[in-house]
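Peer 1: Given chain G, work out where chains A and X should sit, using these hints.
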Amino acid sequence: MPLSSADFAAIWLTFKLASLTTVILLVIGTPIALWLAHTRSRLRGPIGAIVALPLVLPPTVIGFYLLLAMGPHGYVGQLTQAMGLGTLTFSFAGLVIGSVIYSMPFVVQPLQNAFTAIGPRPLEVAATLRANPWDCFFTVVLPLARPGFITAAILGFAHTVGEFGVVLMIGGNIPEKTRVVSVQIYDHVEALEYAQAHWLAGAMVVFSFLVLLALYSSRKSQSTWS
Amino acid sequence: MSAQINVRLQLSYSGFSLDLDVQLPGKGVTALFGHSGSGKTTCLRCIAGLERANQAFVQINDEVWQDSQSNLFVPVHKRSLGYIFQEASLFPHLSVRANLEFGLRRILREQRRVELAHAADLLGITHLLERAPNHLSGGERQRVGIARALLTSPKLLLMDEPLAALDSQRKAEILPYLERLHAELDIPVLYVSHSQDEVARLADHIVLLSEGKVLASGPIGETLARLDLPLSQGDDAGVVIQGEVCDYDARYHLLTLQLPHSAQRIRVAHAPLAIGKTLRVKVQARDISLSLNRNEHSSILNSLQATVIGETAADNQAHVLVRLDIAGTALLARITRYSRDQLDLQPGQTIWLQIKSVAVLA
Amino acid sequence: MNLRARHFAPSALAALVGCFAFTAAQADDVQVAVAANFTAPIQAIASDFEKDTGHKLIAAYGATGQFYTQIKNGAPFEVFLAADDTTPEKLEKEGDIVPGSRFTYAIGTLALWSANDGYINDTDKVLKENQFKHLSIANPKAAPYGLAATQVLAKLGLTDKVKDKIVEGQNITQAYQFVSTGNAELGFVALSQIYKDGKLTSGSAWIVPEAMHDPIKQDAVILKKGENNPAAKALVEYLKGPKAAAIIKSYGYQL
Chain G
1 MPLSSADFAA IWLTFKLASL TTVILLVIGT PIALWLAHTR SRLRGPIGAI VALPLVLPPT
61 VIGFYLLLAM GPHGYVGQLT QAMGLGTLTF SFAGLVIGSV IYSMPFVVQP LQNAFTAIGP
121 RPLEVAATLR ANPWDCFFTV VLPLARPGFI TAAILGFAHT VGEFGVVLMI GGNIPEKTRV
181 VSVQIYDHVE ALEYAQAHWL AGAMVVFSFL VLLALYSSRK SQSTWS
Chain A
1 MSAQINVRLQ LSYSGFSLDL DVQLPGKGVT ALFGHSGSGK TTCLRCIAGL ERANQAFVQI
61 NDEVWQDSQS NLFVPVHKRS LGYIFQEASL FPHLSVRANL EFGLRRILRE QRRVELAHAA
121 DLLGITHLLE RAPNHLSGGE RQRVGIARAL LTSPKLLLMD EPLAALDSQR KAEILPYLER
181 LHAELDIPVL YVSHSQDEVA RLADHIVLLS EGKVLASGPI GETLARLDLP LSQGDDAGVV
241 IQGEVCDYDA RYHLLTLQLP HSAQRIRVAH APLAIGKTLR VKVQARDISL SLNRNEHSSI
301 LNSLQATVIG ETAADNQAHV LVRLDIAGTA LLARITRYSR DQLDLQPGQT IWLQIKSVAV
361 LA
Chain X
1 MNLRARHFAP SALAALVGCF AFTAAQADDV QVAVAANFTA PIQAIASDFE KDTGHKLIAA
61 YGATGQFYTQ IKNGAPFEVF LAADDTTPEK LEKEGDIVPG SRFTYAIGTL ALWSANDGYI
121 NDTDKVLKEN QFKHLSIANP KAAPYGLAAT QVLAKLGLTD KVKDKIVEGQ NITQAYQFVS
181 TGNAELGFVA LSQIYKDGKL TSGSAWIVPE AMHDPIKQDA VILKKGENNP AAKALVEYLK
241 GPKAAAIIKS YGYQL
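Protein chains in written order, with the working numbering: chain G, 1 to 226; chain A, 1 to 362; chain X, 1 to 255.
It should be emphasised that the hints constitute simulated quantities derived from the structure, not laboratory data. All C-beta atoms, glycine included, are put in the ideal place defined by N, C-alpha and C. Among the clues, some could well be false.
No farther apart than 16 Å at their CA atoms in a straight line, the calculated lysine to aspartate or glutamate pairs in the EDC-like style are these [to be verified]:
no. : chain 1 : residue 1 : chain 2 : residue 2
1   : A       : K27       : A       : D62
2   : X       : K224      : X       : E92
3   : A       : K78       : G       : E193
4   : X       : K141      : G       : D7
5   : A       : K78       : A       : D67
6   : A       : K171      : A       : D197
7   : X       : K163      : G       : E176
8   : X       : K90       : G       : E193
9   : X       : K155      : X       : E210
10  : X       : K141      : G       : E193
11  : X       : K233      : X       : D28
12  : X       : K243      : X       : D197
13  : X       : K155      : X       : D214
14  : X       : K72       : G       : E124
15  : A       : K171      : A       : E130
16  : X       : K233      : X       : D52
17  : G       : K177      : X       : D164
18  : X       : K165      : G       : E176
19  : A       : K213      : A       : D21
20  : A       : K78       : G       : D135
21  : A       : K155      : A       : D186
22  : X       : K243      : X       : E50
23  : X       : K51       : X       : D29
Simulated restraints on C-beta separations [said to hold, decoys possible]:
no. : chain 1 : residue 1 : chain 2 : residue 2 : range
24  : G       : A82       : X       : N116      : 49 to 57 Å
25  : X       : D52       : G       : F207      : 17 to 25 Å
26  : X       : E94       : G       : L142      : 53 to 61 Å
27  : G       : V61       : X       : E50       : 31 to 39 Å
28  : G       : Y216      : X       : K51       : 20 to 28 Å
Excised from the complex, chain G in its bound form (with noise of 0.2 Å):
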């Protein structure tokens, strides 16, 4: 067996923590891709380029913020802790969050285009046909920005396995809770485990290639607004 016990361990816990990222990104980018999609507020320029960050920021900038918010001496640390839930460092919830800011463009950008592109105006016609806001953003926005939020949940999940240098930065290294794929090949290359490194690297090469191939050929043209 090529694979460790440990390296299906990792395998285990990326998959928790992109499948969670996502749903929590889905659910939490909606509405902000809405409102920049929308918005005529002088604010949509600073908080597109916020949530735009960490698209050029390193990983390890990110990390270092965190580490430094979420330990004892940090707001979020201070806010946890007064909250009784400890701080957020070196656990799966603060990989989470960690995750959901350094994927947040990955899903919200995707969709705000596809809000964007949808434009006001099947918005307006189902108001006027009686839809009330909520009532049209589940039975008009939703079918028809589909093809974005796909793309989103692809990029933000794929995006968040090949995270590295957040985990790295504020996980440290806990079996099962903190050590994702990325990191366990980052130990396997330092302690000159090769052939183990080789098994799991290529195998992120093989998903990524696949995830991509999923969402470039599914890219079909899609019905236009008319």
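Peer 2: Below, chains A and X alone, put in the same frame as chain G:
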């Protein structure tokens, strides 16, 4: 006036402002007419609540939809209106039937006054129900859009240049359906348009807008014949006449109409219609010629006696516009200044007019 | 890295040095891979070395395992100061070093450290009381300080008791970072990270007795690429000399 629509709107963006206060009839078709940029679409969107004017009062018959003084603003989805956009804006992810049902399902059963089968029949889309919107022609899409709006049983139908995106063939295909709506349903309609022909054909009442302000508001017949409005200046300027069918000549396929409050009649080429039915015709100013005597021997069918009311300069120096009256029915004639001087036209003078052609509207 | 770039980098640097360094006509560059825990001492040694010999030391800091991979794949390092003795030994066996050049340049001292003053009373008491939430160590598979830390815990019979409280940094720098930011109350770090001029720079610590773990021998080698570079030989000789020894000791290493 018992049933009526009151609209007061004030709003301004950079470079555009809208400031109007109109009372409109609570039934029939009212056209909001003007050039692009005159504010007619904005006005319609404010009435629908799609846009929010800073100062506004919108009352449709007995319902107040917006009153900025008491901070009342009924959200769009709670206003009983149907809105037809310039492009049909069908939901591409739903079939024609599901598009029609979208609004219908959101109306309480006891408040439904239009049934799906009836609306589909009225607009001639019954055979399209199971199709996807992107397999329809532009005209078919617009008809589905209209049926979809009707199925919410609205108390007011707002139509924003529903024919503007269509070519003339599609327009011709859809106009009869709009006329049937007008005839069969008792829903007041606000119809935005910049086409005089459409307005003449469909509207009972017209509001003339220019740069965000109301230039004129009144019944279609009088308003189109007013010499003080830019309406009379256009090449397609003309009036709408309503007459009552009093005879049909099967041999020549000619229908005879009696003008209101008058013994005078006009004849038009048309299919047979029941005696007593009213018919609207449009007479273009450029199709009327004037003479001092009755011209008996001519290919021109209609020769009527009228009184000269006044005149105004036309957009071209060789022409004048003359307003005429036949027992309360206003008419416009576009003649040369030379002819005017030859005939020595004076207000109050009785004169003969010949109508070269008559377009039957409805 | 391709061949051209490999040759370009040192010559470009040499050109730069030629422009700015007027000190010695015989100046040569030496490219050194330095274990992260030895960062501060090598910087202090470098300025003396450059003053005394006229050579220029160009250092890269990182993890020993990573350096090994890079060296095996053609990295342009001439001297390697490792964080352990096994990696240089492996390179020696594989024929990647100048024969006979391997020597121990420093012996690391392990310390149990907390960023809080008075948290540790120079004994193992705090470990045995086990009142903390997180104990930070370096990855024992990759870092010798991490391995030594697990040996200490085993010797104290605490391996199972603290098992769930251990958080691992990928290297000794990260283990230190977890403690310094307060995320872990205490952790095993290199004394060199918290020690300067014979005293602690901050917090409180227990300097772990040498006998409790295998010696953390840090070996240096001249790599094949540095075989004909006089500056590489000069650096190794300098490291063995008394001036360097004094600096190394002042950072808490032994010799």
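Peer 1: All hints, please: hold or fail.
Peer 2: Now the hints, each set against the structure:
{"no.": "1", "hint": "K27(A) with D62(A)", "in the structure": "holds, 13 Å"}
{"no.": "2", "hint": "K224(X) with E92(X)", "in the structure": "holds, 10 Å"}
{"no.": "3", "hint": "K78(A) with E193(G)", "in the structure": "violated, 67 Å"}
{"no.": "4", "hint": "K141(X) with D7(G)", "in the structure": "holds, 15 Å"}
{"no.": "5", "hint": "K78(A) with D67(A)", "in the structure": "holds, 15 Å"}
{"no.": "6", "hint": "K171(A) with D197(A)", "in the structure": "holds, 11 Å"}
{"no.": "7", "hint": "K163(X) with E176(G)", "in the structure": "holds, 13 Å"}
{"no.": "8", "hint": "K90(X) with E193(G)", "in the structure": "holds, 14 Å"}
{"no.": "9", "hint": "K155(X) with E210(X)", "in the structure": "holds, 12 Å"}
{"no.": "10", "hint": "K141(X) with E193(G)", "in the structure": "holds, 10 Å"}
{"no.": "11", "hint": "K233(X) with D28(X)", "in the structure": "holds, 11 Å"}
{"no.": "12", "hint": "K243(X) with D197(X)", "in the structure": "holds, 14 Å"}
{"no.": "13", "hint": "K155(X) with D214(X)", "in the structure": "holds, 12 Å"}
{"no.": "14", "hint": "K72(X) with E124(G)", "in the structure": "violated, 65 Å"}
{"no.": "15", "hint": "K171(A) with E130(A)", "in the structure": "violated, 24 Å"}
{"no.": "16", "hint": "K233(X) with D52(X)", "in the structure": "holds, 14 Å"}
{"no.": "17", "hint": "K177(G) with D164(X)", "in the structure": "holds, 11 Å"}
{"no.": "18", "hint": "K165(X) with E176(G)", "in the structure": "holds, 13 Å"}
{"no.": "19", "hint": "K213(A) with D21(A)", "in the structure": "holds, 9 Å"}
{"no.": "20", "hint": "K78(A) with D135(G)", "in the structure": "holds, 13 Å"}
{"no.": "21", "hint": "K155(A) with D186(A)", "in the structure": "holds, 9 Å"}
{"no.": "22", "hint": "K243(X) with E50(X)", "in the structure": "holds, 13 Å"}
{"no.": "23", "hint": "K51(X) with D29(X)", "in the structure": "holds, 13 Å"}
{"no.": "24", "hint": "A82(G) with N116(X): 49 to 57 Å", "in the structure": "violated, 20 Å"}
{"no.": "25", "hint": "D52(X) with F207(G): 17 to 25 Å", "in the structure": "violated, 54 Å"}
{"no.": "26", "hint": "E94(X) with L142(G): 53 to 61 Å", "in the structure": "holds, 60 Å"}
{"no.": "27", "hint": "V61(G) with E50(X): 31 to 39 Å", "in the structure": "holds, 33 Å"}
{"no.": "28", "hint": "Y216(G) with K51(X): 20 to 28 Å", "in the structure": "violated, 59 Å"}
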